[in-house]
Every structure is written in C-alpha cells, then in structure tokens.
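Turn these sequences into a full structure, and let the hints steer you where they fit.
Chains as they are written, first to last, in this note's numbering: chain U, 2 to 195; chain S, 2 to 195.
The reader is advised that the hints may include incorrect statements.
Unchecked claim - The calculated BS3-like cross-link candidates involving lysine-lysine, where the alpha carbons are at most 27 Å apart (straight line), are: (1) S:Lys83 with U:Lys140; (2) S:Lys103 with S:Lys170; (3) S:Lys170 with U:Lys83; (4) U:Lys140 with S:Lys22.
Bear in mind the hints are in silico, worked out from the structure with no lab data behind them.
What follows is the residue order along each chain.
2 protein chains.
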Amino acid sequence: MKLLEERIQKDGTCIGTEIVKVDSFLNHQLDTALIRALGEEFARLFKDEQPNKVLTLEASGIPIAFAAAQALGDLPLVFAKKAAPSTMTEDAYTADVMSFTKGTVSTIRVAHQYLGPSDRVLIIDDFLAHGEAGLGLLKLVEDAGAKCVGFGAAIEKEHQGGHKRLEEKGIRVESLAVITSIKDGVISFNSKDL
Amino acid sequence: MKLLEERIQKDGTCIGTEIVKVDSFLNHQLDTALIRALGEEFARLFKDEQPNKVLTLEASGIPIAFAAAQALGDLPLVFAKKAAPSTMTEDAYTADVMSFTKGTVSTIRVAHQYLGPSDRVLIIDDFLAHGEAGLGLLKLVEDAGAKCVGFGAAIEKEHQGGHKRLEEKGIRVESLAVITSIKDGVISFNSKDL
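Spelled out as structure tokens, the structure:
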C-alpha cells in the first residue's frame, strides 16, 4: 500500500537493523484518517473470507483492528489482554508471547465466551516481525475451535520471518507495507503495487 | 446516553458495589457500532471547545478515543503508554496512576513531541471512577503546557468521586452513562435524558 510505504519513508525512524519506529502516526500518536484507510484496505483484502469477528492484541493493534472491523460492516472486535485484571475472573484461552522490543514474555488471554467454534476470525496487528504475537493469537483461535480466515499486518518486517511462520500454519497473510531491510537508516520495501 | 445505559443494564455484570464489568461490548469484546456512536456523542458534546488533539490511556480507552477523534474530523489521537518499550527512548511527560481494578501503580507517559503548548486536548477514557487515570492524563497535558478542553468518559461511577476531583481542577467533565450505585446486582443511573 503506497500510502503507508510513503508515510513510513517520511516519518519512520530506524533503530539499528531490526526496528522501525512509527510512533508519530501508528503507535503512540495515531493518524486517524490513515488508520481508517488501513482498515478499509484490510476489509477489501479479506471480505471474501467472510470473517464474523476481528481479533487483535492490546494495545497498538486496537485502532487498526477497530478500523478494519468497522470497514467490514461493524464486526465485533475482540482484543486479547496482556494481563488479567481483577475483573477477569472467568476461564480464558491463553498463549505465551515474547516481545522482542520489550524483552518480556506476556501471557495473552481471551475469555472463553468471546471465541468459539462458530467464529471465522480475522487477526489484525500493527506489526508482523518474528510472528510471536500472530502465532499466539492463532493459538487462542485454534484452542477455541474457531477458524482463522486470515492474518493482516500493517507493517511487516519480511527479514524477521513471521510471515513464513504463519503461512506454514496454513494462514493467509497480508501485509500492507513489507519492509525487506533496514540498513544505515535506509528502509527498503518489497513494493507489490509500485 | 440512553443507548449506553440500556446496554449496561442488559449486558453489564456487577462485581460487589464498586465494579461493573462491560467486557462483552466495551472492554474486551467491542461493539464497533456502539463505540462509533459513543465517539459521535463526544464529538457533539465537545466540538465547540475546538480540540485539536484527543488523548487517552492504553488499552481500553483507545477504541472510544479513536471513534471520538474520527467524529471530530480526524483529529490526531495520542495514547499514553503504561510501560516504556525499548523503542521509546526520548524524553516523556509522566504521571503515576493507581488502578483500583488491577491493584497496581503504573507510570503513564507521553513522549514530549506529541503534546505541546499549542494543543487543545480532549481527554477520553472508558471509565471515570476515582479519577486516577483522568488526573494522571491531565498532569501530562499540564506538564506539556497544553490546554485541556474537557474530559469525556463513557461510563462514570459517580459515587467514586472522580468527576468531582476533575471539576475541582477546572475541567469540564461529560460522562455518557452515570452510575450512582451498584447494589445487590442492581445498577442505578443518574439519567439526564430519560
């Protein structure tokens, strides 16, 4: 998606060879119109898979997943939690997810009643890097007996292998901007539509 | 807002006298259309204050604040973070916020470049209870030299005093559903528009 690639080139910041920081429009301050456009693109890509629910992981996946759920005709959106508040007393599907940027392992969880065998789940996240979050979310869907109809990421870092790991599980993966390398402050893309 | 009060009566769950759990439509699974309606109501209430930015706290404030920012003409939305990822290396405005439901204190933060003296900030959150999160967010705005033009909560628990604490700071507070008591599983509202 050219709009997103151009924005990453303009406002993204490289940290080493592994991290692109997009805090000014996607991860801390949000460009509302851009995020709505990302949601509409996910809806275009995945509507034929007939999802009936969108799943994401708190926190930075939420706005993009909300925009996608809205564009898909106001589907319910479930966000997996990284910690169990005292109000979350019911049984939950869980998965352990490592964050490479935070250096921590979180147990992500969705309460049983919000995922089930009748669900066709579209997973949406902001980044696809090593695939840890995606695989964790996929485990929640599978543990619930639901079907994952696709995984959509706003930004993929192709060289970190997450796309391949998810495809090996039989999941259709669509990323709106695919970064192939980050080197000396230069971000290279695999641009299908340029 | 009658729509929200009715939904809380129908799908909210009381825990003791302090907590109303709204996980099925606002806090874990999200009713996308309802949340857009909440955003539109906040826009109607606050548009004359001419905010140029919306501020919230991760994670469950994000979808409602996104909907409000969208309805206010695609304003930028900043969400304060509860932990500093390794990518957040710049200076930040910070405040300590106690969560009564989680029993923890978090240091919330917004990087310096996303709040400044030219900003007219509308703060949006899902709940207004004791006012801890609201006061913390207000401190970030004030530390940045920005102006807070209002605070909007989807659900207020009036008996926990947060509304009064924010008003004492000179802030206009608007809550879309105002709960006055939770007792024996019965939720009572202060319904302005019923």
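These are the hints, each one checked on the structure:
Pair hint Lys83 (chain S) plus Lys140 (chain U) holds up; C-alpha atoms about 26 Å apart against a cutoff of 27 Å. Among the hinted pairs, Lys103 (chain S) with Lys170 (chain S) is consistent with the structure: their alpha-carbon atoms are about 26 Å apart, no more than 27 Å. For the suggested pair Lys170 (chain S) and Lys83 (chain U), the alpha carbons sit about 33 Å apart, so the restraint of at most 27 Å is broken. For the hint pairing Lys140 (chain U) with Lys22 (chain S), the CA-to-CA distance comes to about 26 Å; that is within 27 Å, so the pair holds.
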